[in-house]
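J.: The listed protein sequences derive, respectively, from chains A and B.
Just so you know, we're using our numbering here: the first sequence kicks off at 5 and counts up by one.
Just so you know, we're using our numbering here: the second sequence kicks off at 85 and counts up by one.
Any given hint could turn out to be false.
Sample of chain A residues at the chain B side, in silico, Cβ under 10 Å [unchecked claim]:
1. A72
2. F80
3. T82
4. R86
5. F90
6. A123
7. V191
8. Q193
Far from chain A by the CB rule (all over 10 Å, computed), these chain B residues [unchecked claim]:
9. M214
10. R283
11. L288
12. V359
Quick caveat, the hints were computed from the structure, so don't treat them as lab data.
For clarity, every value in this text was computed on a predicted model and none was experimentally measured.
C-beta atoms are modelled at their ideal positions from N, C-alpha and C, and glycine is treated no differently.
Spelled out, the chains give:
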Amino acid sequence: MSADVIAPPPPENPTEDWLREERIPHIWCPGCGIGTSVNCFTQALEESKLDRDNVVIVSGIGCTGRVAGYLKLDSFHTTHGRPIPFATGLKLANPKLKVIVYSGDGDLFAIGGNHFFHAARRNVDMTVICVNNMTYGMTGGQVTPTTPIGAKATTSPFGNIEEPFNLPFIAHSCGAVYVARWTSFHVRQLTKAIRDAIAKPGFTFVEVISPCPTLFSRRNRLGDGLDAMKFYKAHSEIRNGADTREVAISHQSKIICGKFVDITRTTWHDAQAAHLHRVMGNRFVPPRNWEHLIKSDPMEDLVAETIRDSSGDGS
Amino acid sequence: MSTAGLLTGPQFMDGDHACAEGAIAAGCRFSAGYPITPSTEVVERLAARFPEVGGVFIQMEDELAASITIQGAVWAGAKAITVTSGPGFSLMMEHLGLAAMTETPCVFVDVQRAGPSTGLPTLPAQGDMMQARFGSHGDYQIIALCPDSPQDCLDQTIRAFNLSERFRVPVLLMMDECVGHMIERVVIPEPGTCEITPRRMTALPQGAEYLPYATKDCCDMVPDMTEAGRGHTPHITGLTHDERGYPAMNTDAQRDLMLRLRDKILKFEPEIRDVRLDQVDGADVVVVCYGITSRVAIPAIETARAKGLKVGWLRLVTAWPFPEPVIRDLAARVKAFVVPEINLGQMVLEVERCAAGRARTIHVPHAGGAVHDPNDILRAIEEAAR
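Could you put together the complete structure from these sequences and hints?
T.: Next comes the structure, spelled out in structure tokens:
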């Protein structure tokens, strides 16, 4: 090698390596928080040192539903509300995959609410990232299950009167093992939360409070994206370990952020593999890529289960 | 694939269980379902059998979920099936469209019961035949097969998987309550003795650049697949897309994709076609039938023949794509078609369309809840022969 060859400079933006650059510019509006969350997500992936080939991203429909299409990963843009069952199929058929669902509040909690509840209950190993902008952006600013009381939307033009969902409480009560909420202002905390959620086995959930300047903020006279950042900075309160029943969001009021839940619960795969191995013995033929889930001989599983049963610890 | 846990040889079982064994024989190792009469026995059998053969079954929260969970599994490399009946079939229409649009090979089973809505949950009908073809929004093609016995439930399930892999299309097994619950002798083939179509998997190495919807030439309109975890980074979307899988919001992309999704099936209709014929040459009347009705028609045809009438029997095993050339050809040679079916007029519309006035078409309707009285079919044959 000649001495005067200069190595190319490192890429300036580490996110670029994770994007399908030929699809940029993206469709998101100026001031929208989705792109910020994607920066945090790619940074979290970068720091996670995962085998990139095994990372799969699944989105539903809507503005956040477009995330899958911009990431240079195995990416699936599914139907409205159904990314979680699609992701369930991916994970069940190949537990070696690291499956991430990335979608919005309307997709995951209105049309797709039932799927969220059941995936959390089953504790299927996946991470769900919900960008909550409290509106349906793609269709023009309609009311969602997270629109605060009093906020206006095109389909609640005189102000919403329905109680919004408190997403961390839903996730917690349905069985999620990790639950955190940050805003698109909290990029460092959000990056770490996504990294932790991805690393943790089981159903993990990260809510990202994000502005929709074009539709939600404008209709409610809340200013632009920068005003939203100022609001998040001034009105967020970090309360790690907060009782999820007490983190509901009201219109233009305090946003409680932090890591609320971080518990351990047997995943669907671990439970299924151990149980079938125990009750069926050698008649159980592990599915493809399940070999690593069979941790002992059936009798050891039986002993372990007996000890657990007699300990009386329901959790 | 391991042969552990496989069941082979002569058995005595109903059509629902035979369908489940057919799926196993076809190499299917993933199923997601939701209980619904009269299809539940299929998923019950799969739930019990899959752990013995290296398969995964999960009962989902509804049919919307079941019909997309199988598609996630397919993209993780599995062959997958979901099973339902009328009301659940209605919920699955969303994901029938997704599978057609994303060219995800999978099998949907509809054990038909009388509808609409909750209808007669435990009693037979053939009222979902048009829904199978047109139930999801937009233009697309599917393949639908109609078994007439437990053995045929097994055989057609295997063929459904083979066709789904060959054409990368959802294939519908349109059973009915009668064939689902009828118990007969079923012979399960030994591994290696029946044809199993492998997935059209790309030969590209790990991490190579891959175009998920690139087709080689005009004669082979089916792109090669990949699976998650191979570093091929496919983007798969229900939006209109180009050969990279990227959204393409324009009329040219829409036209190219719609025509390919149509032509990859319709141009291969002769390959997909399975019609069973008996004495149609020289017949004056041909009874066109499918599913359980093709067996109910036989005593009527035999009685008519005993009376000296020239009656042929044509059983549609492949209902969709409809075997247009067969009906067109026959229409020039027969007086009339008689079409009995357990609905108020569905596949008869296709027969009538293809006959195009060259032969009469007489429908023998049944509102559902039972099979036809063969005498009703006989009367229609006599009317047709007049």
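J.: What hints, given by number in increasing order, does this structure fail?
T.: Going through the list in order, the structure violates hints 7 and 8 and respects the others.
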